[in-house]
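Visitor: The chain contents come next:
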Amino acid sequence: MGAAHQAYLLEARQMQALSFAVHIPLVCFGIAFPAMVLFCEWLYLRSGDELYRTLARRWTRIMAALFAVGVITGTILSFEMGLLWPNFTATFGSVFGLGFAIEGFSFFLEAIFIGIYIYGWDRLSPRAHFWSGIPIAIAGVTGSLTVISVNAWMNHPGGFRMVDGRAVDVHPLKALFANSFLWPELTHMYIAGYIVTGFLVAGAYAIGKLRGKWGRYERTALAIPLTIAALAAPVQVLVGDWAAREVAVQQPVKLAAFEGLAHTTNGASEHILGWYEDETVKYGIAIPKLLSLLAYHNPDATVQGLDTVPKDRQPPINIVRLAFQTMVGIGTLLALLGAWLLGVRIRRGRLPESPWFYRAVALAGPASLLALIAGWVTTEVGRQPWVVYHVMLTSEAVTGAGGIIVGYTALALVYLGVAAGVVWILRRLSRAPLELSA
Amino acid sequence: MHLYSVPLIFVLIGLALYAVLAGADFGAGFWQLLAGGGERGERLRDHAHNAMAPVWEANHVWLIFVLTVTWTAYPAAFGAIASTLCVPLFIAALGIIMRGAAYALRAGAEQAREQRRIDLVFAGASVLTPFALGTVIGAIASQRVPVGNAAGDLFSSWLNPTSLMIGVLAVANSAYVAAVFLAADARRMGLDAPGERELEDSLRLRALVTGLAAGAVAAAGLVVVHSDAHFLYERLLEGAALAAVIVSALAGLATLALVFARLYEIARYSAALAVAAVIAGWALAQRPVLLKGLTVQQAAAPHDTLVVVIVAVLGGALILFPSLALLFRLVLRGRLDHGGSGEPAPSVAAADSTGLARVLAASASGLLARIAGACLLTGFGLLTIAEAGWAHAIGLAALLGFICVGFVAIVPAQLAAEEPD
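Going down the list, the protein sequences come from chains S and L. Residue numbering for the first sequence follows our numbering, beginning at 1 and increasing consecutively. Residue numbering for the second sequence follows our numbering, beginning at 1 and increasing consecutively.
Since the hints were made in silico from the structure, they are not lab data. Warning: the hint list may mix true and false statements.
[Stated by the list, open to error] Over the 12 Å line for every Cβ pair with chain L, so calculated as not near, a few chain S residues:
{"no.": "1", "residue": "G120"}
{"no.": "2", "residue": "R123"}
{"no.": "3", "residue": "I207"}
{"no.": "4", "residue": "D312"}
{"no.": "5", "residue": "P366"}
[Stated by the list, open to error] Which residues of chain L face chain S? A partial, calculated answer using Cβ under 7 Å:
{"no.": "6", "residue": "F65"}
{"no.": "7", "residue": "I97"}
{"no.": "8", "residue": "R106"}
{"no.": "9", "residue": "V308"}
Quick reminder that beta carbons are idealized off the backbone N, C-alpha and C, glycines included.
Sequences are here, hints too, so could you generate the full structure?
Guide: In structure tokens form, the structure reads like this:
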């Protein structure tokens, strides 16, 4: 493989990564925000309190804007399946494609009912309007199930045999849904959706609180998403640990990259922070035997090292390791922040008062977003150089058409514009006056 | 009918629905570009936006449907098309981004100047996208996409007479269908002042002009295909394909007559038929060839995949079509209209929350908190410590239970109701 091909492959991977990093935060809002909006509307239906209705209506406008942007960024991803990786799709479309075909129907339901929900305020009866939102929340679950099933299959492929470079004996249902990798990955992402959405929405009101905006409306708008995120964050630690144990069994080289473990080791240590160089982690804090204990529940267990595969079959260690540590570090801090809220609630029966708590919540939004992206870097870059683990190299999947750099640059510029637009519209919507009596 | 061609029929149905429904949305953008200035232009732009707003996302999904079913059922063909035609597809993708972003941003526009700027981006992208997608169809129809990874020419595959003609036809058709739909909407919404039909008339005129234009492009298209892709020309004018072409021409003429007679609601359907018949004619002319040197049968995925895709699409359709019917019924009855008529919803009467209920809720909250704690411990034990698969499943359920029960126990609404000290 020539250097030119390598550079070109890197451009394709970066373009894919950019498209993905732009889309995935919007996916979080697609998963979690409808449930939060519906919860507010349900409170209104139950209590008749106009405050909840106002909150649900204002959040609906944000949901509408973010959904529209999510529609297009998601469409770009599906185009890129062919534009960047035609050989991947041409070879394995018959195996994994079903996941996206079913996802298409989830997307349909989401788009149909979000249209009804957004434009149905004031037009449908309150109860009918509430029910029109339920399919949106359900489609969020089924949509992430089917898309994650494809990613889980790429990490742990099954349901076909390779004969002369063609997939034969194909069983799509088995490939996608009878896969032990699916459940930890799906749960991890689904809960991440609630954490990211919860902290980002709560963070906006936490900033308001620090600036002195703290009426009942703002407190409600903060308490609902924050409670969800605070409960989900500790659970995510346990689910993440489960996912890591699954990686240890199915993708030992990926785990070795998470940990910077050069050689197969009995009773391997866990290194916190530090940098991988010359087959060892430098400047890290080593905790003896912890890696073996976490990965295999046995302090003396043997953990496979990177040396079990040749160098050109190893992922880029430091990127994966840094991403993994970022995700775990932020995830732990978020769980502690959640525990802070729960502790104050249990002992004092109210929200925390310390401004430091609200500063932390304001920071938790962007931090959770960073952890989300770091988590995806961990799993996607950690799978390299494979696109389908141990079956197809990413370099075999890439398009033969030239000029990726042109597309990459154009997309980056357009996405910069879109990002600026999203910031602009969110600020506009947040400034719109409250219509409490509407 | 063979199993291997069933998903292709789904794809063609999806393509026809995309061309009609999303085509009308693209056309609405086209008319925003050519709405003219002043207050009349403003009204037309607003009308085009409002008519499309509740449905464009659902209509857009037909494209995703076409893509996903194609790459599942005919993966080799999809890889060849997407790689050789990456340039027009990428242009279409950029157009889709700009359109969607402009739509999302319009909600935040406060000044007319901002709104016009956003509308301009929207309109430009609305012309670019159907044109680019039309060239893709032209490339496939004129057999310029060979099998393989970017095996065809990256430019002449879509910059050729047939592709350009179909690109222009796609834009003209979108504008035509949109003008018909918007005229129908203007009539239905009663947007014009009593005794006047200003908005309706301007759209009617647009529909008649673009209808004639689209017909002219289609007729000229036959000449183009005659010289550029003669095999296609010959196949188009024989057998079932010829019947479809004739149906399309008749439906197009009928639409013109219906629009002239101001019978817009029926014209919606005849316009849709005209578009669908063109696609059917193309498919009939081309069968059994999918790409140059690749028949539908050769391109098809293995048997099991075809079966599950067909089952999935049919099952999905059982949910999809009633949902779509609901959406369009609400739209066509004006239940989702922006402003205009329609009964405002009555507000909910406050539910009775007595003191007793509050006390019960407070004591239940303590109990729920304990249950949530128990769930968390159970989850930790079964998901983190235990090894068995069934234990993980129960542990996971317990952890999700912790989140749900914990949420109920915390009562965030009540937490927020407390006045701060």
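Visitor: Run every hint past the structure and note whether it holds.
Guide: Here is what the structure says about each hint:
Look at G120 (chain S): its CB is around 6 Å from the nearest CB on chain L, not clear of 12 Å, so calling it non-interface is violated. Not every Cβ of chain L is farther than 12 Å from the Cβ of R123 (chain S); the closest lies at roughly 5 Å, contradicting the non-interface assignment. A cut-off of 12 Å between C-beta atoms confirms that I207 (chain S) is not in contact with chain L; the least separation is 17 Å. At the 12 Å boundary, the C-beta of D312 (chain S) stays outside the reach of chain L, the nearest C-beta of that chain being 22 Å off.
The Cβ of P366 (chain S) lies farther than 12 Å from every Cβ of chain L, with a closest approach of about 21 Å, so its non-interface assignment holds. For the restraint placing F65 (chain L) at the interface with chain S, the shortest Cβ-Cβ distance is roughly 5 Å, inside the 7 Å limit, so the hint holds. With its C-beta approaching chain S no nearer than about 5 Å, I97 (chain L) sits inside the 7 Å limit, and its interface hint holds. The criterion of a C-beta within 7 Å of any C-beta in chain S is not met by R106 (chain L), whose closest approach is roughly 9 Å, and the hint is violated.
This hint holds: V308 (chain L) has a C-beta 5 Å from the nearest C-beta of chain S, less than the 7 Å allowed.
When each numbered hint is compared with the structure, violations occur for hints 1, 2 and 8.
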